[in-house]
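Residue numbers (the working numbering), protein chains in the order written: chain A, 1 to 94; chain B, 95 to 188; chain C, 189 to 282; chain D, 283 to 376; chain E, 377 to 470; chain F, 471 to 564; chain G, 565 to 658.
Simulated from the structure, these hints should not be mistaken for laboratory data. Just so you know, not all the hints are guaranteed correct.
Straight-line alpha carbon distances no greater than 20 Å define the calculated EDC-like cross-link-like pairs of lysine to aspartate or glutamate that follow [stated by the list, open to error]: (1) K455(E) with E470(E); (2) K68(A) with E174(B); (3) K328(D) with D237(C).
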Amino acid sequence: MLKPLGDRIIIELVEQEEKTASGIVLPDSAKEKPQEGHVVAVGSGKVTDNGERIALDVATGNRVIFSKYAGTEVKYEGKEYLILRQDDVLAIVE
Amino acid sequence: MLKPLGDRIIIELVEQEEKTASGIVLPDSAKEKPQEGHVVAVGSGKVTDNGERIALDVATGNRVIFSKYAGTEVKYEGKEYLILRQDDVLAIVE
Amino acid sequence: MLKPLGDRIIIELVEQEEKTASGIVLPDSAKEKPQEGHVVAVGSGKVTDNGERIALDVATGNRVIFSKYAGTEVKYEGKEYLILRQDDVLAIVE
Amino acid sequence: MLKPLGDRIIIELVEQEEKTASGIVLPDSAKEKPQEGHVVAVGSGKVTDNGERIALDVATGNRVIFSKYAGTEVKYEGKEYLILRQDDVLAIVE
Amino acid sequence: MLKPLGDRIIIELVEQEEKTASGIVLPDSAKEKPQEGHVVAVGSGKVTDNGERIALDVATGNRVIFSKYAGTEVKYEGKEYLILRQDDVLAIVE
Amino acid sequence: MLKPLGDRIIIELVEQEEKTASGIVLPDSAKEKPQEGHVVAVGSGKVTDNGERIALDVATGNRVIFSKYAGTEVKYEGKEYLILRQDDVLAIVE
Amino acid sequence: MLKPLGDRIIIELVEQEEKTASGIVLPDSAKEKPQEGHVVAVGSGKVTDNGERIALDVATGNRVIFSKYAGTEVKYEGKEYLILRQDDVLAIVE
């Protein structure tokens with residue numbers, strides 16, 4: 001299992017077909033392109049200068065959209081994941 | 095439903111025709127161009143280093159103007175939205 | 189009515205003729221050029237990391253000078269305005 | 283009267299002749315060049331994130347030297363002034 | 377022994393063969409490439425502006441993935457190590 | 471007299487001959503070059519966001535070495551000085 | 565004696581021969597190259613915005629490795645030293 005650090009989260013990407021079904025389409029190619037995925041793990045939160053740990057707003061199981069160019073791709077035990085910071089998450093799809 | 099994170103808000107763009115009607119026109123093309131829209135969802139606010147969450151000043155239903163180049167466009171359930179940070183909002187149209 | 193957010197203010201530009209009359213002239217074209225206007229609306233102030241809202245120093249009705257290249261122009265109900273941050277205001281003309 | 287905002291101050295430039303008299307000369311043209319002037323108005327100070335206003339160290343009447351390239355020139359009621367931030371002041375000439 | 381300072385940690389790199397076995401593969405060469413290793417030493421944590429020392433989230437013995445381009449390589453007593461900051465660690469492999 | 475502001479100090483440069491005598495020599499021309507001087511005036515210290523003034527570590531009379539490219543040269547009452555920030559001072563020569 | 569200011573330390577470089585003996589070798593020339601030395605003096609620590617002075621983690625007598633390109637070289641009383649900030653120290657060799 002991969003356990004992200006701090007304000008990082010791990011995303012399992014939603015396949016292109018599923019993505020079309022959920023209706024996330026980019027109307028304007030000149031804009032930053034969002035992408036969709038499921039959160040499979042979240043860090044324990046960022047620690048501030050006051051020594052306080054701020055819990056994340058996203059939780060495991062959330063479906064989220066995020067900037068396409070954010071994060072780092074990894075393949076772990078045969079599956080592809082994306083590790084990004086919570087701040088790169090634009091919205092939760094509820 | 096899309097639920098924005100932190101200090102992000104979701105905007106439904108005002109159509110070009112409606113925009114002219116409301117009177118937002120750009121007198122000088124050399125300047126940054128504002129755009130108009132309705133707020134359809136707001137994040138729960140940014141968390142500061144003190145661990146305090148600062149509620150947003152814009153609310154769902156507000157009509158706002160913002161920088162044209164700010165944010166990320168998404169299409170969700172057939173409608174186009176823009177996700178941007180509250181700081182990109184210039185003013186509320188009351 | 190346009191209601192600016194946070195530390196933003198809305199300026200009604202002073203016409204070129206009036207500006208000459210008030211005596212704001214740029215002696216050196218190599219310098220940043222200030223411009224003059226009336227404040228027609230002010231935001232409720234910036235919220236700091238301590239969650240404190242800092243009221244603005246400029247008020248509606250103030251005549252101010254500011255950097256010519258600051259802010260975003262908007263036309264609202266037939267009039268032109270400039271939306272800028274208080275920090276772009278150089279001085280109040282009293 | 284011009285009333286500067288925050289940590290800004292207004293300077294009346296010392297004429298070139300007077301400047302030579304006071305003995306501020308630049309020995310090395312490759313260095314940043316300081317300039318001399320009289321403070322004619324000071325802002326009420328910068329407001330910190332704690333909501334505290336920090337009074338300025340320079341006062342009206344001070345003779346100061348500052349970086350030549352700092353600030354914005356304005357002409358007001360026939361006189362030329364320079365508006366700059368206190369941090370651009372290098373030293374007070376006592 | 378090498379003792380890293382502050383928020384730095386020392387990594388013993390996992391060999392390429394072992395890396396393939398653990399299944400970390402880069403599906404997209406255009407992305408930042410993560411790398412895998414074992415933590416052999418950790419600093420005592422970063423000291424904040426409040427004078428508080430924040431203990432690290434990674435511990436000696438952890439297997440971690442991190443950005444390939446992060447850190448500084450050293451060879452010490454015949455072995456190669458990488459010294460990097462905890463923030464360059466993407467996730468712990470559990 | 472020149473009174474520096476905040477965290478600035480005023481240095482009287484040590485002559486090239488004297489400098490060689492004290493033994494500060496640059497072994498590698500590719501590195502940033504330090505220079506030597508006497509502190510003739512110090513500011514009252516930087517004011518932090520907490521409104522606290524932090525007294526300087528260097529005092530009038532100290533002999534210091536500092537980065538050659540730091541600061542601003544001024545000539546005052548026939549003597550050359552350098553005004554720089556305390557952070558540009560590398561060490562005190564005791 | 566040279567007394568470094570704030571978070572600066574003074575290093576006596578370890579000779580190339582000694583360095584090879586201690587086993588610090590750079591396996592990859594494309595990476596930032598660390599260098600080795602002995603700490604001969606340390607500053608009294610950085611003062612934070614809270615007015616608190618944070619003591620350094622390195623002490624006189626420590627053997628440290630640091631980035632090769634960090635710091636400023638000085639020759640004092642016939643010996644060469646390097647003055648750098650503690651944050652440029654990667655690890656203490658124990």
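20 Å limit on alpha-carbon distance, applied to hinted pair K455(E) and E470(E) | violated, 24 Å
Restraint check for K328(D) with D237(C), where alpha carbons must lie at most 20 Å apart | With Cα atoms ~16 Å apart, K328(D) and D237(C) stay inside 20 Å; holds.
Is K68(A) close enough to E174(B), meaning Cα to Cα at most 20 Å?
-> holds, 18 Å
Hint compliance for this structure: hint 1 is the single one not met.
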